[in-house]
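Top to bottom, those sequences are chains A and B. Sequence positions in the first sequence follow this note's numbering and run 3 to 358. Sequence positions in the second sequence follow this note's numbering and run 3 to 358.
One or more of the hints may lead you astray.
One copy or two, it doesn't matter: identical chains are merged, so the pair holds either way.
No farther apart than 27 Å at their CA atoms in a straight line, the calculated lysine-lysine pairs in the DSS-like style are these [stated by the list, open to error]:
no.: 1; residue 1: LYS95; residue 2: LYS16
no.: 2; residue 1: LYS156; residue 2: LYS95
no.: 3; residue 1: LYS319; residue 2: LYS227
no.: 4; residue 1: LYS16; residue 2: LYS230
no.: 5; residue 1: LYS358; residue 2: LYS216
no.: 6; residue 1: LYS227; residue 2: LYS208
Hints were generated in silico from the structure; no laboratory data involved.
Number of protein chains: 2
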Amino acid sequence: MMSELHINLSESLKSKPASDALGFGKYFSDHMFIMDYSSEDGWHDARIIPYGPISLDPSAMVLHYGQEVFEGMKAYRTPLGEIAMFRPDMNLKRLNNSCERISIPQVDTEFVLEAIAQLVRIDQEWIPDGEENALYIRPFIIATEAALGVRASKQYMLMVILSPVGAYYPEGIHPVSIYVEEQYVRAVRGGTGEAKTSGNYASGIKAQEIAKTKGFSQVLWLDGKQHKYIEEVGSMNVFFKVNGEILTPALTGSILQGVTRDSVITLLREWGYTVVERVISIEELFEASRQGLLEEAFGTGTAAVISPIGSLSWGDKNTEISGGVTGELSQRLYDSITGIQRGKLADPFNWVYTVK
Amino acid sequence: MMSELHINLSESLKSKPASDALGFGKYFSDHMFIMDYSSEDGWHDARIIPYGPISLDPSAMVLHYGQEVFEGMKAYRTPLGEIAMFRPDMNLKRLNNSCERISIPQVDTEFVLEAIAQLVRIDQEWIPDGEENALYIRPFIIATEAALGVRASKQYMLMVILSPVGAYYPEGIHPVSIYVEEQYVRAVRGGTGEAKTSGNYASGIKAQEIAKTKGFSQVLWLDGKQHKYIEEVGSMNVFFKVNGEILTPALTGSILQGVTRDSVITLLREWGYTVVERVISIEELFEASRQGLLEEAFGTGTAAVISPIGSLSWGDKNTEISGGVTGELSQRLYDSITGIQRGKLADPFNWVYTVK
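Please work from the sequences and hints to get the whole structure.
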């Protein structure tokens, strides 16, 4: 199928940002991948072209009814000089799962992965140097039909753009303070919380801003039905080490099925830890903390990999975790996953996809 | 402030569609209104320009994190030849309420209303003839900052586009069959259900498609917490006439504050009906139906105005309403509201805004 991928290289390459001032998602590489969909022709016209603005009709459905899904992954340069990606098959499978929930047509994941590999190969000079840096890969699909009316679009555009990024938190792996959100809700079972779709993120921005003004880094989301059970932290999955055992919210339909989440569970079990996926109430967690049993807490996601939680604030209750420093297990997970991702450690689970 | 509105008229006007084949949201007029926002300059560069594609960076935040709000209203040609709009102040107030929830900066509603009036004036030839037809007005705001990162955008674009439309349902006012949705959820308290934002609509498309394949026109949404209480029907508010009294779900935070909803309540009270805004369980409604007390049911919204519900299907239970024909009260409300909107009936509540 790769014969169907047309390539039109840019005639003028952009200058690259300094690798110590990348930030997150501020710069974009020289090329992008685009593929169109119409109900008549299916997915077609796959092409790599110079990165640049796209043209949309003002009535394009994505701008009104939010039919959109996206993914996020990273590419790294290994010590052998190869280009490595981390479990892209899982991301692309999830892309199709998100499509299913938002009524967007499925994509051929193998073809898209080959197209992404080709794009990364072309723009490989954009993979930044530096321990914490990576080339962030953002595939997304938008509804482009020019019509107002609440229904599934008949036209879509899949795009992949690349951004050289630094650490998601400028300070690197570092415990953050978290505000337990009791009023606003990210998602509810029966909604779209399990899909990686724009509406889930729009709904969280306000709570995040309020938390920031109160001096917190992020919010801990509780379930939408009872505001009792822990779901996610910011836009990450969340784990707790309680009395030696690892707890993480079960995938009940309102929580994103994180690739890093899955990798963390696999590693922890390999290391002999008991990992329990179940409902976890915020009350239970604060009780464990009161008893001195809450040993570590951390978020997991592609952007930050492991983000240790240094404190939790719930109503008038506060609790410090791991003495406010990065816990031993959080650090071990961060080192192990980033080590595997960057080709510096052995890859026993075949997670690394090498761009040939 | 109107002096700040720049106008660049199109040099070639499009041909207009036949007024008996408009459909909904398929055609767009010759011009559009645009205004930009940056955190440095606030809202600026208000302009009416020829309708056409807009240029967005592929990383524009709206395409990833769904920061978007919109509105819908209609303009009509009155028998006196004037141009009438229906309660646009309420729509623009709601636009700002939606902005507040989605962390989008507020707009000057008076200025936007004058800009819309000017746009409608310029494109007034696009107000279609015909009883059921109108010029649909779609204001919307999108986050345009070119950056990946879940936070409020620093740049936005407000646009207003116009579309000559026919009846929302091609058959006009006509009872529709409704499927009570028990699995999927449109919104939950603490989420974004009260805001007119794209994510609420994306989340509903799948349930709507499933209902269609089962032979229903639309879904009735139940609350996200218990799946017991009635919220909306399709993308409309919903009313029931039970034993002479009118019931509609209370505005508890997950329901859109409809302009037509408010107008219907006002008219009904004026006519001497008791209107009760409260939680209504689907069980209670089916019990009322069993007792022969469910006299009428209808959805309300700008697009369809009044959409009578002919039958409800809830699990294995079915109930026909008003003998499957348009109820007397539904018809009276439709005739009254459309009559006021089109300047054919007196306007005792000063709902009509005349474009001078």
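Exercise. Hint by hint, which ones does the structure fall short of?
Worked result: Of the numbered hints, 1, 4, 5 do not hold.
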